[in-house]
Amino acid sequence: ETGVTQTPRHLVMGMTNKKSLKCEQHLGHNAMYWYKQSAKKPLELMFVYSLEERVENNSVPSRFSPECPNSSHLFLHLHTLQPEDSALYLCASSQSSEGTQYFGPGTRLLVL
Amino acid sequence: DQQVKQNSPSLSVQEGRISILNCDYTNSMFDYFLWYKKYPAEGPTFLISISSIKDKNEDGRFTVFLNKSAKHLSLHIVPSQPGDSAVYFCAARDGNNRKLIWGLGTSLAVNP
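Those sequence lines, one after another, are chains F and D. Going by my numbering, the residue at position 34 of the first sequence is 34; the numbering climbs one at a time, nothing skipped. Going by my numbering, the residue at position 70 of the second sequence is 70; the numbering climbs one at a time, nothing skipped.
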């Protein structure tokens, strides 16, 4: 498999649930990102990992918890989300934290 | 306040004609600009970029023009093809913190 993959592609969860989003990149990149895309808003950068270390956290609520166990995998752990967290969550990777970013297909999340 | 603005939410063009997508920015510290294309149910894919030290970059049917004095860039697609129908995002990199700032996107429809 090539490129950046994300699972699941769609997720519906209740506000009390705990779920995780998974991202995997097969490009040999060293940096990975989580973005949130809400309707009628620009892409919002949530987290950046470079060489498995978190280098950026853009004031994201603690109900979103990222994990980067190695340079190929990135997780976003979700718990006690709110309906306004419903959005498309995109993962991206790049050769370095300044390189061109390559995106996965996204996870469409609906919080009920 | 949005630093990267794509003022046209949508654009419709006839096949074979030129498509011109526009992007305005406010931050003079942006040093690199990128265009991404996004099909439904897919993540954004990198299309073309331009450094702030250049005023034009061309790649096949795609050309990006940068007018620094006007803080304006545009993406030209010629000739337009139905497969070019997608949402096009403009993104700019802040030379200070290296963050990418995204526009809201312009939905292009190329009609056969």
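Please note that the accuracy of each hint is not assured.
Unchecked claim - Covered, in the sense of this in silico footprint (three residues per stretch, anywhere, with C-beta under 8 Å from a C-beta of chain D), are these stretches of chain F:
1. 38-45
2. 92-99
3. 103-110
Claimed, not checked - One-sided excerpt, in silico: chain F residues whose CB lies under 10 Å from chain D:
4. R9
5. Y35
6. V48
The set of hints was computed from the structure by calculation and includes no laboratory data. No residue lacks a Cβ here, since even glycine has one placed at the ideal position from N, Cα and C.
Here's how the hints hold up against the structure:
no.	hint	verdict
1	38-45	holds (count 5)
2	92-99	holds (count 3)
3	103-110	holds (count 4)
4	R9	holds, 8 Å
5	Y35	holds, 9 Å
6	V48	holds, 9 Å
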